[in-house]
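Enquirer: In case you want the letters, here they are:
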Amino acid sequence: MSTAVSQIDEVKTTPWSGGRSPFNVEYGKIMMWFFLLSDAFTFSSLLISYGSLRFSASVWPAADKVFQSVPGLFESGKPLVFVGIMTFILILSSVTMVLAVEAGHRNAKKEVFWWMIGTIVGGFMFLGCQALEWNHLYHEGFWWGSTPGHEELKHLFNSGTEAAQHLTAQEFANLFFTITGFHGFHVFTGVIINIIITVNVLRGTYEKRGTYLMVEKVGLYWHFVDLVWVFVFTFFYLV
Amino acid sequence: MSTESHEVHHDGGEHEGMTKKKIWQIALVLSIITGIEFIIALVIVPGHPDYLRFANPAYIFLTLLKAFFIVAYFMHLKFEKIGLALSIIVPILFIIGLILVLTNESHHWIDLRR
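Top to bottom, those sequences are chains E and Y.
Each residue of the first sequence is one higher than the one before, counting from 1 in the numbering used here.
Each residue of the second sequence is one higher than the one before, counting from 1 in the numbering used here.
For the record, the hints were derived by calculation from the structure and aren't laboratory data.
Among these hints, one or two may not hold up.
Derived DSS-like pairs: lysine-lysine, alpha-carbon spacing no greater than 30 Å straight-line [claimed, not checked]:
no., chain 1, residue 1, chain 2, residue 2
1, Y, Lys21, Y, Lys81
2, E, Lys110, Y, Lys21
3, Y, Lys20, E, Lys29
4, E, Lys217, Y, Lys21
5, E, Lys29, Y, Lys22
6, Y, Lys22, E, Lys109
7, E, Lys110, E, Lys12
8, Y, Lys81, E, Lys208
9, Y, Lys78, E, Lys12
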């Protein structure tokens with residue numbers, strides 16, 4: 001019997017020849033990536049609808065006039081300051097999340113726990129700011145299906161007729177509350193998931209499992225929430 | 001079977017790539033980009049209204065730059081297998097398609113409203 005194997009019978013070991021994941025990533029993490037891709041489509045649809053409505057409008061509320069209060073400190077005259085604080089909170093909570101993932105690679109349970117706590121605190125701070133922002137706009141008269149009266153509305157625009165201002169202010173209000181609300185809902189679920197994972201870290205679930213891969217998976221979700229905010233921030237507050 | 005799943009587990013972590021120092025560097029980059037956006041919005045544009053048409057493309061470019069840093073480094077996609085990276089990035093082309101279609105459509109809506 002010859003032990004020589006013909007070329008066609010050789011066991012191939014290339015990534016796509018089967019027997020192992022070609023992506024070299026654990027199943028749950030791939031699924032998280034594809035969930036995030038589908039979520040990216042949802043957010044894109046919302047933001048692109050916003051964009052097309054805004055492009056087709058003759059006037060639009062000026063961002064630096066609508067968003068110029070810092071709740072509890074300044075009633076007006078501070079454009080973008082409050083949303084700047086919110087953006088930095090979310091970026092920082094993203095940083096603490098990567099640091100938790102990095103600590104997880106070293107199986108450092110205590111470090112993972114404290115960085116996760118930091119991430120959760122950041123998430124709650126962001127949600128609190130969001131609630132203040134909504135509260136402020138609500139008391140100005142903005143809500144789904146309602147806008148401030150003409151007198152107040154006049155000060156939020158750079159130009160335009162009364163009818164046009166009323167129409168686009170309503171479009172703005174509906175889109176703003178829908179999109180930031182959907183994002184806020186993601187932040188909220190993210191915080192809940194982070195809390196569950198942190199409890200598991202504390203109970204030693206992942207220590208027993210020998211890998212902190214779950215922290216990486218919720219980390220992906222959390223970074224995605226930050227990523228969406230980067231776009232919401234640009235298209236609602238800057239452009 | 002068990003050895004295979006172990007192998008995937010072990011390599012899936014991808015330990016190379018993100019050190020503590022690197023994480024803080026990326027955080028600094030993201031903060032600086034956000035800072036530049038604020039400087040454009042609060043200092044440059046109010047003084048020179050003509051610059052507004054340059055400001056919007058600048059915001060979008062800086063936003064995409066931030067998105068790249070978050071996805072590549074924080075979400076670790078830069079260090080994953082190229083197949084995974086492509087299967088996430090290529091479908092984004094559909095989003096670009098929708099942007100093109102709807103911006104085109106919105107120009108038509110302007111004509112309808114006239």
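Enquirer: A separate judgement is required for each hint: does it hold in the structure or not?
Expert: Evaluation of the provided hints:
| no. | hint | result |
| --- | --- | --- |
| 1 | Y:Lys21 / Y:Lys81 | holds (23 Å) |
| 2 | E:Lys110 / Y:Lys21 | holds (20 Å) |
| 3 | Y:Lys20 / E:Lys29 | holds (22 Å) |
| 4 | E:Lys217 / Y:Lys21 | holds (22 Å) |
| 5 | E:Lys29 / Y:Lys22 | holds (23 Å) |
| 6 | Y:Lys22 / E:Lys109 | holds (21 Å) |
| 7 | E:Lys110 / E:Lys12 | violated (43 Å) |
| 8 | Y:Lys81 / E:Lys208 | holds (28 Å) |
| 9 | Y:Lys78 / E:Lys12 | holds (27 Å) |
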